[in-house]
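Colleague: Sequence:
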Amino acid sequence: MSYEIIQQQLDKSWRLFDSERINFLCEVMTWLSHPDKDIRIIQIAGTNGKGSTGAMLREIILASGETVGHFTSPAVFNDCEQIWLNGNFVSQEAWVTAYEDLNHQLTQHNLTIANLSYFEVWTIVALLIFRQNKVTYAIIEAGLGGRDDATHMISYGDIVAYTEIGLDHQNILGHNIESIAQNKADLITGGTLVVSDLEQVSAVTKILKRTAKREGAHWFEQHDTISIQSETVNGLCLVINQQRYQLGLNGAFQRRNAAVVWQVLSALELRYQVSFNIAARQKGLANSFMVGSMQVDTINRLVWDGAHNIDAVRALLETVKVWQLSTRPILILGVLSDKNYDDMLAYLLPVFSEIIAVTPDNPRALEAEDLADTIKKLAPNMTVTPVASQEALALAQQKQGKNQYIMITGSFYTLRSVGEHYA
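Just so we're on the same page, our numbering is the position in the sequence shown counted from 1, plus 3.
Because the hints were derived from the structure by calculation, they are not lab data.
Errors might be hidden in some of the hints.
[Claimed, not checked] What follows is a list of derived Cβ distance ranges for each label pair:
1. ASP41 x GLY90: 46 to 56 Å
2. GLU30 x ARG274: 26 to 36 Å
3. GLN246 x HIS107: 43 to 53 Å
4. ASP41 x ALA382: 49 to 59 Å
5. GLN95 x ASN118: 18 to 28 Å
6. ARG274 x ASP300: 35 to 45 Å
7. LYS379 x GLN245: 43 to 53 Å
8. SER205 x GLN232: 45 to 55 Å
[Stated by the list, open to error] DSBU-like, lysine-lysine: derived pairs with alpha carbons at most 35 Å apart:
9. LYS405 x LYS379
10. LYS286 x LYS212
11. LYS209 x LYS40
12. LYS40 x LYS212
13. LYS40 x LYS15
14. LYS402 x LYS324
15. LYS324 x LYS405
16. LYS286 x LYS379
17. LYS216 x LYS137
18. LYS286 x LYS40
19. LYS15 x LYS379
20. LYS324 x LYS286
21. LYS40 x LYS216
22. LYS380 x LYS324
23. LYS380 x LYS15
24. LYS209 x LYS324
25. LYS402 x LYS380
26. LYS405 x LYS380
27. LYS212 x LYS137
28. LYS137 x LYS15
29. LYS286 x LYS137
We treat Cβ as the ideally placed atom computed from N, Cα and C, and that holds for glycine.
Kindly generate the complete structure, drawing on both the sequences and the hints.
Modeller: Following this line, the structure appears as structure tokens:
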């Protein structure tokens, strides 16, 4: 069966609120002889920054001469972006080979691929690919929360790293920061090293530490000196422990993510008696790249960023402010209906010259017309145009003035729906 046909058949729904789901997935992992067993696994959870943190770790480990796999989500322009193998996207052929192993085991137990969701299949396939290629390290990002996330099926994790935890997916994870933090904390298992963003709100840190102690995990904390030396549309330069590092990623918020990365590297050095030297760290940070995370095209003056909650939007706008652009940018915006998009708009509206509203490629999407109506109510003088996603970028470029940037944001699904028509 071809890769394209398999993808069409996968169940795109989230299998949530099923208390037995993780037990079932663990059983599937047993049938597959635990592909997570012989790999040094770094799990990353959090609300914002997972992808950037994973990208920095991936490139530093690779620059140190080790083999590494990286599973990230969601995809932006191409589903294969979700699985990195030694610095490259996985091929469709390798994906199908691993999928066939999974499908064979399901058939042996009188099940079909319909018994798994899209995200569950992709998580398991990623682990199978990493085992087949005998990677030393695998970076696995949680998809949604922790307690019921498919990545919770991993039984042989080494490090659990937490990036910033904030309010998001409140209808699923909980209506306050404590509930969300506990859901994500439930990813922690005995024997793992737990690392966290040092700037978490205190309530989050308390919950993570308490859960680590309860589960028999080990809390690892390291305070490095990290500051921003320079930040422009062309890139970010950090000074970490008095050493200069040029980043391939943009955004001042990468300072916090880098602090998590440095803790994870130290935790790995402690656990495995390995070393990640300055040269590898410099090369890795310079090579770091994440699709759809402050992805800047300076030639066409485009910025692609999947900011989909208040914290992420605020971080995006802080970066735009530092850039000191000569002209207010044009915004292409699409959001999901279950997000706090009114609050997001309160931050976005004053920054942009006009807005082009689109409908993201997701069943939970807010229709472009409804988004435009909301914007007009909040800012009657704002020029806002609802259009089909495939028309958005061409329209924005028609309106684009000299030295003016276009920013596409609101959801990773927005980037995909707009970007698939971008040549």
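Colleague: Indicate, hint by hint, whether the structure satisfies it.
Modeller: Hint check:
1. In this structure the supplied range 46 to 56 Å is violated for ASP41 paired with GLY90, their Cβ-Cβ distance being about 21 Å.
2. At roughly 28 Å, the beta-carbon separation of GLU30 and ARG274 lies within the given 26 to 36 Å, and the hint holds.
3. Between GLN246 and HIS107 the C-beta distance comes to about 49 Å, which sits within the given range of 43 to 53 Å.
4. Separation of ASP41 from ALA382 is about 56 Å and conforms to the stated range, judged on CB atoms against 49 to 59 Å.
5. In this structure the supplied range 18 to 28 Å holds for GLN95 paired with ASN118, their Cβ-Cβ distance being about 23 Å.
6. At roughly 39 Å, the beta carbons of ARG274 and ASP300 sit within the given window of 35 to 45 Å.
7. Between LYS379 and GLN245 the Cβ separation comes to about 51 Å, which falls inside the hinted range of 43 to 53 Å.
8. Distance hint check: the CB atoms of SER205 and GLN232 are about 29 Å apart, inconsistent with the given range 45 to 55 Å.
9. This hinted pair checks out: LYS405 and LYS379 have alpha carbons roughly 27 Å apart, not beyond 35 Å.
10. Restraint check: the Cα-Cα separation between LYS286 and LYS212 comes to about 33 Å, which is no more than 35 Å; the hinted pair holds.
11. For the proposed pair LYS209 and LYS40, the alpha carbon gap of about 30 Å is at most 35 Å, so the pair holds.
12. The suggested pairing of LYS40 with LYS212 holds, with an alpha-carbon distance near 26 Å, which does not exceed 35 Å.
13. Taking the CA atoms of LYS40 and LYS15, the gap is near 28 Å; set against the 35 Å cutoff, the hint holds.
14. The suggested pairing of LYS402 with LYS324 holds, with an alpha-carbon distance near 22 Å, which does not exceed 35 Å.
15. With a C-alpha separation of about 19 Å, the suggested pair LYS324 and LYS405 falls inside the 35 Å cut-off, and the hint holds.
16. Distance check on the hinted pair: LYS286 and LYS379 sit about 47 Å apart at the alpha-carbon level, beyond 35 Å; violated.
17. Between LYS216 and LYS137 the CA atoms are separated by roughly 32 Å; this keeps the pair inside 35 Å, and the hint holds.
18. Taking the CA atoms of LYS286 and LYS40, the gap is near 29 Å; set against the 35 Å cutoff, the hint holds.
19. Our distance criterion of 35 Å between C-alpha atoms is met by LYS15 and LYS379, whose separation comes to about 33 Å.
20. In summary, the hint linking LYS324 to LYS286 is supported, as the alpha carbons are separated by about 28 Å, within the 35 Å threshold.
21. Restraint check: the Cα-Cα separation between LYS40 and LYS216 comes to about 23 Å, which is no more than 35 Å; the hinted pair holds.
22. A C-alpha spacing of about 25 Å is found between LYS380 and LYS324, which places the hinted pair at or below 35 Å, so the restraint holds.
23. Distance hint between LYS380 and LYS15 is fulfilled; the C-alpha atoms sit about 34 Å from each other, no more than 35 Å.
24. Between the alpha carbons of LYS209 and LYS324 the distance comes to roughly 33 Å, so the proposed pair stays at or under 35 Å and holds.
25. The suggested pairing of LYS402 with LYS380 holds, with an alpha-carbon distance near 23 Å, which does not exceed 35 Å.
26. In summary, the hint linking LYS405 to LYS380 is supported, as the alpha carbons are separated by about 30 Å, within the 35 Å threshold.
27. With a CA separation close to 33 Å, the supplied pair LYS212 and LYS137 stays within the 35 Å bound.
28. Restraint check: the Cα-Cα separation between LYS137 and LYS15 comes to about 29 Å, which is no more than 35 Å; the hinted pair holds.
29. A distance of roughly 23 Å separates the Cα atoms of LYS286 and LYS137; the hinted pair therefore holds under the 35 Å criterion.
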